[in-house]
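Undergrad: Chains X and E, in that order, are what the protein sequence lines are.
Position one of the first sequence corresponds to residue 3 (this note's numbering), numbered consecutively onward.
Position one of the second sequence corresponds to residue 3 (this note's numbering), numbered consecutively onward.
Warning: the hint list may mix true and false statements.
Which copy is meant is left open, because identical chains are indistinguishable; a pair holds if it fits in one copy or across any two.
Below, computed lysine-lysine pairings styled on DSBU-like, alpha-carbon distance capped at 30 Å [as the list claims (entries may be wrong)]: (1) K63 to K17; (2) K136 to K4; (3) K4 to K17; (4) K33 to K63; (5) K33 to K65; (6) K234 to K247; (7) K17 to K246; (8) K145 to K246; (9) K33 to K136; (10) K107 to K247; (11) K107 to K17; (12) K247 to K100; (13) K234 to K100; (14) K17 to K100.
None of these hints come from the bench; they were simulated from the model.
There are 2 protein chains.
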Amino acid sequence: MKMEAFTVENVPLIKEGDDIASIICDNAEIKDYDIIVIASTIVAKSEGRVFRLEDIEAGEKAKEIASRHDLDPEFIQAVLDRSNEVLMEFPILLVETKNGHVCIKAGIDESNVEGGYLADLPEDPDSSAENIGKAVEMNTSKKVSVIVTDTNGRAFKIGQTGIAVGLYMIHPILNWVGKKDLFGNELEITQEAVADEIAGAANLLMGEGDGGCPVVIIRGLKLRSEDSTSVKEMYRTDREDLIKKGLRCLRDS
Amino acid sequence: MKMEAFTVENVPLIKEGDDIASIICDNAEIKDYDIIVIASTIVAKSEGRVFRLEDIEAGEKAKEIASRHDLDPEFIQAVLDRSNEVLMEFPILLVETKNGHVCIKAGIDESNVEGGYLADLPEDPDSSAENIGKAVEMNTSKKVSVIVTDTNGRAFKIGQTGIAVGLYMIHPILNWVGKKDLFGNELEITQEAVADEIAGAANLLMGEGDGGCPVVIIRGLKLRSEDSTSVKEMYRTDREDLIKKGLRCLRDS
Numbered sequence: 003m004k005m006e007a008f009t010v011e012n013v014p015l016i017k018e019g020d021d022i023a024s025i026i027c028d029n030a031e032i033k034d035y036d037i038i039v040i041a042s043t044i045v046a047k048s049e050g051r052v053f054r055l056e057d058i059e060a061g062e063k064a065k066e067i068a069s070r071h072d073l074d075p076e077f078i079q080a081v082l083d084r085s086n087e088v089l090m091e092f093p094i095l096l097v098e099t100k101n102g103h104v105c106i107k108a109g110i111d112e113s114n115v116e117g118g119y120l121a122d123l124p125e126d127p128d129s130s131a132e133n134i135g136k137a138v139e140m141n142t143s144k145k146v147s148v149i150v151t152d153t154n155g156r157a158f159k160i161g162q163t164g165i166a167v168g169l170y171m172i173h174p175i176l177n178w179v180g181k182k183d184l185f186g187n188e189l190e191i192t193q194e195a196v197a198d199e200i201a202g203a204a205n206l207l208m209g210e211g212d213g214g215c216p217v218v219i220i221r222g223l224k225l226r227s228e229d230s231t232s233v234k235e236m237y238r239t240d241r242e243d244l245i246k247k248g249l250r251c252l253r254d255s
Numbered sequence: 003m004k005m006e007a008f009t010v011e012n013v014p015l016i017k018e019g020d021d022i023a024s025i026i027c028d029n030a031e032i033k034d035y036d037i038i039v040i041a042s043t044i045v046a047k048s049e050g051r052v053f054r055l056e057d058i059e060a061g062e063k064a065k066e067i068a069s070r071h072d073l074d075p076e077f078i079q080a081v082l083d084r085s086n087e088v089l090m091e092f093p094i095l096l097v098e099t100k101n102g103h104v105c106i107k108a109g110i111d112e113s114n115v116e117g118g119y120l121a122d123l124p125e126d127p128d129s130s131a132e133n134i135g136k137a138v139e140m141n142t143s144k145k146v147s148v149i150v151t152d153t154n155g156r157a158f159k160i161g162q163t164g165i166a167v168g169l170y171m172i173h174p175i176l177n178w179v180g181k182k183d184l185f186g187n188e189l190e191i192t193q194e195a196v197a198d199e200i201a202g203a204a205n206l207l208m209g210e211g212d213g214g215c216p217v218v219i220i221r222g223l224k225l226r227s228e229d230s231t232s233v234k235e236m237y238r239t240d241r242e243d244l245i246k247k248g249l250r251c252l253r254d255s
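Pulled out of the complex, with its shape left as it was, chain X reads as follows (with noise of 0.2 Å):
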């Protein structure tokens, strides 16, 4: 069994209204089942999802945890506007996004955008996906699946991975339920992250830096969904988040 992933060359700086699923294309020989995976920014920018803080006025909660860890209180009032909980105040500024998907900041990026500006990650990223992919379909009359990715940090270690935050006709999990092993017992492990784990492998590629590739095309998986699909599959029910229950344990002792 074979992959390939390429990054999609000459993509040009994104701005609001850019068409993202054109270029794609016209930088690209598209094949069927191909996954194409792209950073957030360039789709949040495309979107149009850049601000000011200077635009921002911070509320009491924002001012209060600001001059608690010495923070700036419009920062930190545009990442309560975009989240539904803060798990942690310092000395990361940890939440649960509107969209369920816990990150640093909401998200928010602070890199690769022009001065004075910041970037939101995509207001429904799966939207996003299905947006390109679906203008992407159209124009190339081939089936694709598209990811949407941002780089997260993890427990237990330090670094950052790519990760999936949208997704268009690809399932965040494959389940091997009732799968048997080499021996023919039952698997323990049922799960794959796929999703994430092709995320990861494209940010091998994209890099970080001002080399930046923000497109990247997985192909040789058949892992394109018959029906539609949502990164939310894939976030834990607050009952069984074991590690947001100690996070909030901590805050609130």
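Model the placement of chain E on the given structure of chain X, informed by the hints.
TA: Structure of chain E alone, referenced to chain X:
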């Protein structure tokens, strides 16, 4: 930029004493800078790291934990023998292993092993990776890296991904420190967990079930290190691990 990943075909069922390096060299044409990704299960098996519960005598602590949660005391004892600390007993038995790796059940694998036997993680996975890597380099005169992998769950999201548990000639983290973004701003996200991203990419091809391919080669990345490497470079120190603190808070409250 382009990356290829492919499975090494015809890897037989591995048993104690099998020479994994020779099996890889016989079944794949290795090139310079290839990253050879190997499932820890076959490494452990080749090293004879399998055991039976009936050979274990459970101590007081194992019996206590087992009776609280209706679990098997001998199995709990096997986990305790391999652990520095139990971070959570139930509903998942989450521990830090003697190697500093946080995982469920100390990584003891109940699948893909002959009936009655359980498979350990390799005792020192960095050494296992080094042994295989050096033997491949001797056989082929090519310079390679090796990643021994397992699968792990993660915080906030369901599903497991492939992760690195042992490394040869590849650092787990790629530092982007001091690099500039597209607009000349200092990058904020600075540490990419490349070994885990590669392990995840390989896991997409390995499969979990009876079609499993335990060896994958990743080609096209220039990540071979100049100096010796260890997976432990990416484990957070106890002092800075906030999620561990949260889990202890929950455990001890």
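Undergrad: Work down the list of hints and note, for each, if the structure agrees.
TA: Consistency of the hints with the structure:
For the identical chains of this complex, K63 and K17 are neighbours neither inside a copy (33 Å) nor across copies (60 Å), given an alpha-carbon limit of 30 Å. Taking CA atoms no more than 30 Å apart as the test, K136 paired with K4 passes in both settings, with 26 Å inside one copy and 25 Å between copies. Taking identical chains as interchangeable, the C-alpha atoms of K4 and K17 lie at most 30 Å apart only when they sit on different chains, with a minimum of 26 Å there against 35 Å within one chain. Taking identical chains as interchangeable, the C-alpha atoms of K33 and K63 are never at most 30 Å apart, the minima being 50 Å within one chain and 57 Å between chains.
In this assembly of identical chains, K33 and K65 lie within 30 Å of each other by CA distance neither inside one copy nor across copies; the values are 51 Å within and 57 Å between. For the identical chains of this complex, K234 and K247 are neighbours both inside a copy (19 Å) and across copies (27 Å), given an alpha-carbon limit of 30 Å. In this assembly of identical chains, the alpha carbons of K17 and K246 never lie at most 30 Å apart, being 36 Å within a copy and 41 Å across copies at closest. Taking the shortest Cα distances, K145 and K246 never come within 30 Å of each other, neither inside one copy (38 Å) nor across copies (43 Å).
For a Cα distance limit of 30 Å, the shortest separation of K33 from K136 inside one copy, 14 Å, qualifies, whereas the shortest one across copies, 39 Å, does not. Within a single copy, K107 and K247 get their C-alpha atoms as close as 19 Å, and across copies as close as 20 Å, so both meet the 30 Å cut-off. Taking CA atoms no more than 30 Å apart as the test, K107 paired with K17 passes inside one copy only; the shortest distance there is 23 Å, against 48 Å between copies. When the C-alpha separation of K247 and K100 is checked against a cutoff of 30 Å, the pair qualifies both within a copy, at 18 Å, and between copies, at 26 Å.
With identical chains, the CA atoms of K234 and K100 are at most 30 Å apart within one copy only, with a shortest distance of 11 Å there and 35 Å across copies. Proximity of K17 to K100 under the C-alpha cut-off of 30 Å is restricted to the intra-copy arrangement: shortest distance 25 Å within a copy versus 50 Å between copies.
The structure does not agree with the numbered hints 1, 4, 5, 7, 8 stated previously, though it agrees with the rest.
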